[in-house]
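Peer 1: Taken in order, the sequence shown gives residues 20 to 243; the numbers are from my numbering.
For the record, the hints were derived by calculation from the structure and aren't laboratory data.
Just so you know, not all the hints are guaranteed correct.
[As the list claims (entries may be wrong)] In silico EDC-like cross-links for lysine to aspartate or glutamate, where the CA-CA straight-line distance does not exceed 16 Å:
| hint | residue 1 | residue 2 |
| --- | --- | --- |
| 1 | Lys83 | Asp99 |
| 2 | Lys83 | Glu138 |
| 3 | Lys83 | Glu95 |
| 4 | Lys83 | Asp42 |
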Amino acid sequence: MDASLVPARLRTASGCLAPIAPDTWALDWARCDEAERVSAATRFGIPPSRLAELIDWVTHRFDKDFLWPNVFLTLEGARDFRATFVPADSDAFILGLALSNEDVDGLPWRTEPDPTVGEVGLHRSLSRGFPPAAGGVRLGSDVLGAELDGTLHSYLCNGLEHVFSRQLGALPNPYGLFDDHALARRCAVYAGRDDVGAEPIPWRAWVLTEYPCHPAQPAPALGS
Numbered sequence: 020m021d022a023s024l025v026p027a028r029l030r031t032a033s034g035c036l037a038p039i040a041p042d043t044w045a046l047d048w049a050r051c052d053e054a055e056r057v058s059a060a061t062r063f064g065i066p067p068s069r070l071a072e073l074i075d076w077v078t079h080r081f082d083k084d085f086l087w088p089n090v091f092l093t094l095e096g097a098r099d100f101r102a103t104f105v106p107a108d109s110d111a112f113i114l115g116l117a118l119s120n121e122d123v124d125g126l127p128w129r130t131e132p133d134p135t136v137g138e139v140g141l142h143r144s145l146s147r148g149f150p151p152a153a154g155g156v157r158l159g160s161d162v163l164g165a166e167l168d169g170t171l172h173s174y175l176c177n178g179l180e181h182v183f184s185r186q187l188g189a190l191p192n193p194y195g196l197f198d199d200h201a202l203a204r205r206c207a208v209y210a211g212r213d214d215v216g217a218e219p220i221p222w223r224a225w226v227l228t229e230y231p232c233h234p235a236q237p238a239p240a241l242g243s
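Let the sequences and hints guide you as you build the complete structure.
Peer 2: So this is what it looks like as structure tokens:
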């Protein structure tokens, strides 16, 4: 990434750039060796001694409020996980994702349930059409592409910060996101062009909201 365009610390829902918990490593039936599970949990300050409890917790909630591969259907579920397993002094944060109605309606349903694979969390969440939960701080819009398995890639995974800056005058804010949602939507359209060379997946502008880890906490301050 170009340090002149991208801040040192980011907010993103792309697992390529940021560790996410829980993820598929937290499901007991997922193909994942013990060392990988321990490493993923340790990055969030979760000791190996609690790994079995965590896996049991996540597995029992799967297809209820925790969805494939790493989506909580509710803010309450995400807060419950963090309060139960992640140390209070961790810098882990809770992000909510949202799409405008226009982008949901026009999204090719690559995330639609496959009888041989099952439903991914993005499809179920978007199909319900719930508005973002209250009580958070909108950080900006991220240009993300959706894979078939429900994972997301940031525009930064494809080195598009240069293209967006040069062709569209789009510069990321201190979170690596775009303050102008309409401009982020134009960036997403641009990313989907064949001549750009980004991954051939549906690109959309997703609004990212950060939520306090406990409902009694104040909303996160911008710039923190």
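Peer 1: With reference to the structure, classify each hint as holding or not holding.
Peer 2: Hint-by-hint comparison with the structure:
no. : hint           : in the structure
1   : Lys83 x Asp99  : holds, 14 Å
2   : Lys83 x Glu138 : holds, 12 Å
3   : Lys83 x Glu95  : holds, 13 Å
4   : Lys83 x Asp42  : holds, 15 Å
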